[in-house]
Amino acid sequence: MLHGEIGVDIFLILSGFTLAMNSAEMPLGRFLVRRFSRIYPAYWIALGLFIWMQRRFFGATPGWEDTWQHVVGIHGFSRPAYFSDISEPFWFISMILAAYLVFACIRRRLDDLSLVIAVAGALTLLATILYQDNHHTGGLIELAVRIPSFFAGVIAGR
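Per the numbering used here, residue -3 is the first one in the sequence shown, and the count goes up by one each step.
Derived from the structure by calculation, the hints contain no laboratory data.
One or more of the hints may lead you astray.
[As the list claims (entries may be wrong)] Beta-carbon label-pair distances, calculated as ranges:
| id | residue 1 | residue 2 | range |
| --- | --- | --- | --- |
| 1 | 57 | 30 | 31 to 37 Å |
| 2 | 18 | 63 | 32 to 38 Å |
| 3 | 17 | 77 | 35 to 41 Å |
| 4 | 42 | 101 | 25 to 31 Å |
On a predicted model such as this, the values are computed, not experimentally measured, just so you know.
A virtual CB, placed ideally from N, CA and C, is assigned to each residue, including glycine.
Produce the entire structure from the sequences given, and follow the hints as far as they go.
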């Protein structure tokens, strides 16, 4: 049975595909500015709205550590309590930021298929082991298993 989560995998595949086709030769600074300026402003608005709504309607305010990790977008790699506490889907920000950073590192070597596959495999294995060892089921079932989707798109786009 298909659920809405398949949209995340489709987005990751398409993102990897279009990056490989259009951004591999772009200067690093321009690549990073373009990627992050497309993600962060809308995310920060949504994050602020969710924090405001939680405070307004539920009287809940996340702690400082939780908030700054969400603002930066690294909460998906932090403690399980931060993974989906402000809003369940926000873990995706951590996923896509990591994918873009890794892409930035390997973008000039995308024609080396063995390198791309090795990076995808190593990141998937590392994330799986770390999430599993830390009993972080959210990271395991939401994030770690989706890493290959992005790289499948990168390979297809190349």
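Hints the structure fails to honour: none
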